[in-house]
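Trainee: Given chain A, put chain B in place with the hints provided.
The lines below spell out each chain.
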Amino acid sequence: MQPQLKSKVRCADREVGEVSRVIMDPLSHEVSHLVVSMNGTGERQIPMVAVQTVADDLVQLWSSSSEVLGLPPFKRDDYVTVHEVEIPGLERHIHVTPGEVLVPFPELERNVKRRTFFAKLTYVMGLFIGLPLVFPVLKFMMKPMYAPMDNRWLKIGNIGKVKFNDTGTQFQYKRTVKEAYMPEAEVEKNAWLIKASPAVLEKVYQGKDMEFREAGKTIWTNKRDVPYLAFSGKCPHLGCAYKWRKHKVLGQVFLCPCHLSIYDASGQVLDGPAPRPLDLLPIQVSANGEVQIIDMEFKAGTKSQTRIV
Amino acid sequence: MSDTPSIGTQTTVAEKVFDFVDERVGLKLLTAKMLNESVPGGSRWAYVFGSLLLFIFIMQSVTGVLLMFYYVPTADHAYASTQYILHDVDYGWFLLSYHFWGSSAMVVCVFAHMSQVFLWGAYKKPRELIWVVGLALFALVMAFGFTGYLLPWDLRAYWATTVGVEIIDKVPVLGDFLARFLKGGAVPGQMTLSRFFVIHVMVLPAVLIGLAGLHLFLFRCAGPAGPFRGTPTELKAKTDYFFPRQIWKDAVGMAVVFGCVSALAFWEPVVLLDEATPDPGDYHPEPEWYFLFIFQHLRLKMFSGEFGQFLASIALPGALAIFLLLLPFFDRNPERNIFRRPFALIGWVVLTASILLFTVSAIINRSFLD
Chain A
0 MQPQLKSKVR
10 CADREVGEVS
20 RVIMDPLSHE
30 VSHLVVSMNG
40 TGERQIPMVA
50 VQTVADDLVQ
60 LWSSSSEVLG
70 LPPFKRDDYV
80 TVHEVEIPGL
90 ERHIHVTPGE
100 VLVPFPELER
110 NVKRRTFFAK
120 LTYVMGLFIG
130 LPLVFPVLKF
140 MMKPMYAPMD
150 NRWLKIGNIG
160 KVKFNDTGTQ
170 FQYKRTVKEA
180 YMPEAEVEKN
190 AWLIKASPAV
200 LEKVYQGKDM
210 EFREAGKTIW
220 TNKRDVPYLA
230 FSGKCPHLGC
240 AYKWRKHKVL
250 GQVFLCPCHL
260 SIYDASGQVL
270 DGPAPRPLDL
280 LPIQVSANGE
290 VQIIDMEFKA
300 GTKSQTRIV
Chain B
0 MSDTPSIGTQ
10 TTVAEKVFDF
20 VDERVGLKLL
30 TAKMLNESVP
40 GGSRWAYVFG
50 SLLLFIFIMQ
60 SVTGVLLMFY
70 YVPTADHAYA
80 STQYILHDVD
90 YGWFLLSYHF
100 WGSSAMVVCV
110 FAHMSQVFLW
120 GAYKKPRELI
130 WVVGLALFAL
140 VMAFGFTGYL
150 LPWDLRAYWA
160 TTVGVEIIDK
170 VPVLGDFLAR
180 FLKGGAVPGQ
190 MTLSRFFVIH
200 VMVLPAVLIG
210 LAGLHLFLFR
220 CAGPAGPFRG
230 TPTELKAKTD
240 YFFPRQIWKD
250 AVGMAVVFGC
260 VSALAFWEPV
270 VLLDEATPDP
280 GDYHPEPEWY
290 FLFIFQHLRL
300 KMFSGEFGQF
310 LASIALPGAL
320 AIFLLLLPFF
330 DRNPERNIFR
340 RPFALIGWVV
350 LTASILLFTV
360 SAIINRSFLD
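Those protein sequences? They're chains A and B, same order as listed.
First residue of the first sequence: 0, per numbering that gives the first Met the number 0; consecutive thereafter.
First residue of the second sequence: 0, per numbering that gives the first Met the number 0; consecutive thereafter.
Isolated chain A, as found in the complex (with noise of 0.2 Å):
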C-alpha cells in the first residue's frame, strides 16, 4: 500500500503531523520520501526506510518524535513536480492521488446501447469510402505501364562500317518517341553489329533460323547464313551499356563497364555475373547496304528472354 496525502504520521511516541507531499525516485518508480507537515514547525523529510506501516490514512514511524524534529527542514527547491519534467511512465506509478477526482457524466450518454455497434459502423463507413477508389486510383497510375510493342523496322546506317569480321561495331541510331502529352522526342540509342565467319555464325544459330514471335505471329526471321547479326545495347546482366573491348585475357570481348560481364563475338557469356547471352534483334541489310532493325528490348536479368519494348 502506498502512503496516502493528508495522512497522519504517528512516531513511536507521538502523532506529528500529516503527509504534505511525496518524493518518487525516476529511476525505480517508486515513493523514496514522505514530506511531513509537521503541525506548524515546517516540513521534514522522512525516508522510506523509516517508515514502519502504512495504513489506511496512518502512517507509522520507527523513529521518535524527537529524531524526526531533529532532521533539517525540507527544501523545497531541490525538487520539481511531475508535471514540469518527463519520466516516461511514472504517471502510471503514482497512487499518492488524495481522493478521486470527479465531473458529471452527461445524461445523454448515461444509456446508450449499442456502443459496440457505433464503433464497428466508423469502420464500415470507411471501408464504403475507401474500397470503391482502389481499383479506380490502381488504374489511374497503371495507364503508361503496359505499353503495346512497336515493331517497325528502324534504318541505323550502312553495313560498309564494319570492317572486320567477328569484331563489334557500334551503330547509333535515334528512336521517335511520344510519350503521354509530351511532343515527340528522338532518343539515342545503339545496337553493336557483327559480321559473324562461319564459326560464330554456327554458334548463334546452331544450325536454325530465329524467328521472333509476338502473340503467337511470327514477325520476322533471321536467317542462318545471313552473316550479319545485331546486339541489343542493352546488357542483358543488369540493362548498361556494353562495350566492344580488349580484355587482358579473353582478347576481343564487350564489356560491360557497370558489373563487368564479359560477352564473346556471338554473344555468349565468357566471363562475369549475366544470366544469359546478347539478345539478337531482327535484321535486314539490303542490296545497297543500308541495315534495318526492329528495336527490341528485353528485360535484363532473367535466363530467359521476356520482351519489354
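Bear in mind the hints are in silico, worked out from the structure with no lab data behind them.
On a predicted model such as this, the values are computed, not experimentally measured, just so you know.
Glycine included, C-beta positions come from ideal geometry on N, C-alpha and C.
Any given hint could turn out to be false.
As the list claims (entries may be wrong) - Which stretches of chain A does chain B cover? Using the computed rule of at least three CB atoms under 8 Å from a CB of chain B, they are: (1) 76-86; (2) 180-189.
Stated by the list, open to error - For each label pair, taking beta carbons as the anchor points, the in silico distance ranges come out as: (3) B/Glu267 with A/Glu90: 48 to 56 Å; (4) B/Glu267 with A/Val308: 35 to 43 Å; (5) B/Phe176 with A/Asp270: 27 to 35 Å; (6) A/Tyr78 with B/Arg331: 35 to 43 Å; (7) B/Pro333 with A/Phe134: 48 to 56 Å; (8) A/Glu108 with B/Pro125: 30 to 38 Å; (9) B/Met141 with A/Gly125: 25 to 33 Å; (10) B/Gly229 with A/Glu90: 23 to 31 Å; (11) A/Val100 with B/Ala221: 26 to 34 Å.
Mentor: Just chain B, lined up with the frame of chain A:
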C-alpha cells in the same frame, strides 16, 4: 518572471504575449516537458545522431523547397532547369550542392545512429517499437536518395535509375509490376521522372514526417536507455536533463554537420554529366557512393546468373532487413553491454567491414575500366 529583474511591476510586451499564449496552451508546462527529460547517466556525444538527423532533414526540406522554385520535372526541361540552377541562379550552385551533400550526411548519420543504438543494446525491451520504426525511417532515407538521384536527368541519374529499377524487377511475383509502376512504362522516360519527382517531394516527406513523429513519441514513452554500464545509484548521480547539456552537444553536432556539408558543397559542388540518354557513350554507370557496396557485390562471380542476382540484390538484403526487424523480439537477453554480447559485436564489425571493403573495392575498380 519572478527571477527577471523587472522595472517596477511593469511587464514588457513580449512577456504579455508569452503569458497570453501560455494561458491558452500551457506553453511553460509544454516547454518544461520538452526540455526536462531525464537522461540517465548524463548527456553524451554518442547521443547526438538522432538530433542531427532531424536537423539534416529540416535542411534538406528547406533547400529542396528552394530548388523547386526553378526545377522543372519534365524530360525535356529537367536537365536544363538543373543547369540553370547551377550556373545562372545566384547561389543556386550552393543550394543544390548543399542538398546533394546533405543526402550523404543523412546516410552517414543514419548509419552512426543505428550503430549507436545497436552497440548500446538500446533496441531491447521496452524499446522494440522505436527500433522497428527506425528501420522504416532508414528505408525511407535510402528511398529519398534513390528517387532524388534521377531528378537532374543527367547520365548518372538515368543509368543509376535504369539499373536500380532492374534490381527491383527481381522481387519475386510483384517485381515486374513494381518496376513498371515506378518507371510508368517499360523504359525510363517522362513518366518515370514524374513518378520519382512526386515520390521524392511529396510522398516520402509526408511518410517521413509521420514516422519520425511516431519515432519520437515512442522514444518519449520509453525514455532514453542510458549507458550500458553503471549501477542505478551511479546513473542517478550522473543524470541530467535534455536541456542544457545534451542540447548543447546536439547543437555543436549540428554546427559541425552544417560546416562539413557547406565545405563539401563549396569545394566539391555538383557538376552534371551530359543529359540523360539511353546511349551513354563512354560513361561508366555507377550509383551514388552509399549504394556502391551493393553495386560492387553484384559483380561477384558467385552472384552470377538469374538466381545469383536474386540472391545478391533481393534475398540477402531482404534477409538482413528481416533479421534487423525481428532482432529485438528474439534477442531477449537483457544484457546491454556490447562487450558481453560477442555475437552482436562480431556481427556489427563484419557487416561494417564488408560494406567498407565493397565500397573501397568499387572505387579501386574504377581505374581498371578505362
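Trainee: Work down the list of hints and note, for each, if the structure agrees.
Mentor: How the hints compare with the structure:
With a cut-off of 8 Å between beta carbons, the stretch 76-86 of chain A has 6 residues touching chain B; three or more are needed, and the interface restraint holds. Figure legend: the stretch 180-189 of chain A, annotated as covered by chain B; annotation consistent (7 residues with Cβ-Cβ distances under 8 Å, at least 3 required). One distance hint, 48 to 56 Å for the beta-carbon pair B/Glu267 and A/Glu90, holds here, with the actual separation near 51 Å. Distance hint check: the CB atoms of B/Glu267 and A/Val308 are about 37 Å apart, consistent with the given range 35 to 43 Å.
At roughly 33 Å, the beta carbons of B/Phe176 and A/Asp270 sit within the given window of 27 to 35 Å. Against the hinted window of 35 to 43 Å, the Cβ-Cβ separation of A/Tyr78 and B/Arg331 comes to about 37 Å, which satisfies the hint. In this structure the hint that B/Pro333 and A/Phe134 lie 48 to 56 Å apart at CB holds, the actual value being about 49 Å. Judged by the Cβ atoms, the range 30 to 38 Å given for A/Glu108 and B/Pro125 holds: they are separated by roughly 35 Å.
A C-beta distance of roughly 32 Å is found between B/Met141 and A/Gly125, which places it inside the suggested range of 25 to 33 Å. A hinted range of 23 to 31 Å holds for the C-beta pair B/Gly229 and A/Glu90, which are about 26 Å apart. A beta carbon spacing of about 28 Å between A/Val100 and B/Ala221 agrees with the range 26 to 34 Å that was offered as a hint.
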